[in-house]
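**Q** Listed below are the residues making up each chain.
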Amino acid sequence: MAGQEIALLFNRIYNETNRSVLAYITAKCSSVSDIGDIFQETYLELYRLLLKRGDGYIQNPQALVIRLAKQKVYRHYTLTQRLHQLLPLEGKDEKRPLTIPEEAGPSLEDQICDQALVDQICRELAHRPQVVQKIFTLHYGLGMTLSETAQLLSVGESYVKNKLYRTIKELQGLYTEKDGDNP
Amino acid sequence: MTERELLTQAARQALPDLEQVRKTCLASGNMPVETAGRTWARRLLPVAACAALILGTVAALPEQGSSSLPQSTQQGSSNEALMDRQNWEIHWNTLDTLPQETKMYIALMWEDFVEMDQAELCTYYGWDVFPQVPSDLANWHETGEDRYGIFRRKDGTVYCDQNVVNYSNEDATRVLHIALAKGNFPHSDVLFDTQTVPSTLAGVEMALGRTESGDYFARFLHRDVGFEISAQGLSQEEFLTVLASLVDS
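Chains as they are written, first to last, in our numbering: chain A, 1 to 183; chain B, 1001 to 1249.
In short, the hints are calculated from the structure, not lab data.
DSSO-like, lysine-lysine: derived pairs with alpha carbons at most 27 Å apart:
#1 A:K70 / A:K52
#2 A:K28 / A:K70
#3 B:K1023 / A:K70
#4 B:K1023 / A:K28
#5 B:K1023 / A:K52
#6 B:K1154 / B:K1182
#7 A:K28 / A:K163
#8 A:K28 / A:K161
Derived coverage of chain A by chain B (criterion: at least 3 residues anywhere in the stretch with Cβ under 8 Å from a Cβ of chain B; other residues may be distant):
#9 13-27
#10 32-39
#11 117-131
#12 137-145
Beta carbons: idealized from backbone N, C-alpha and C, even for Gly.
Based on the sequences and whatever the hints tell you, model everything.
**A** Written out as structure tokens, the structure reads:
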């Protein structure tokens, strides 16, 4: 199969599967900071497979990609993979550049304040237990329902709700003013 | 920005840039198929080869324990030498954890790297340094994820000959990790203290350790090659059989 066709096939599978793969990796990883690496390794492996074996090899793309993700999650945490982390290709902690949309919207000052607030929330979340970070990533980052999030993490829905709302309440101190602070 | 938008944006910081990953994957197709996997290996090997200079202090072992030798014979092995355990003396030292590495950057020059296949590696070390492993474990070298070799300067001096040999089953729930170097122990971050009780397998003295979670570790010198072997998901019997296949070889 020509390279162009493989690329098209890859794009199709990528579009169809990336959300579920992200959800799987988020649920299974030891640290949410590893999600990006494992996700990229998974799809690099998929693309390599497609180049090597062509499209006939894939019967069920969803199942194949999840299997690859599972393999990558396990391998990421084996000893050599821990070593692999010593030479990160990109700084995981690098802050994403501030993006300023061109269309009319909130003022630049508001944008900067919002971005600062987002960064502050991120820092706060980073100090929470992994399970809390996963709940936020699945529910808010990937738009999973509370029920789906609970199922992916193999915990009860009430547990998810409890962790989520309790953390939100604590985070609200960052962006809501106390009574009397701002009359 | 509403509260939900704020939290959504914050939560998405943990997620990768989908378009960037797509581009990276498609760009990897511009390389020969083999090298797509090697990109990863290139990053891995210098470090792996050089757990070499990595020194953290993670595991130590104040406790000691000893266990009697496994009485059962090894199923599926036709090697009688493996079953001859009369002169084995096994003492399991308690490990806090298996080796873990900390961040350290090592100056290994790729232009000095002399890649070797399995046979060439055995020739370099002077004997067959690959153990018998359970049949469900596959060598990562065969899938292109590990590369073997040494780092040799132009004047012929070998300055790093530590290699890592990995085996795992399909979902990597059973992993065997072997670091080896010529003439000395591979460098790692496991420190046995002076109280360690040595074990003996087929006349080879070694330090054996295991964690509470059932992971195993061994360190020994045999025929001028230093080994550090760790296993996750293997039984004690399987681990001892791997060791025996090396010291009996």
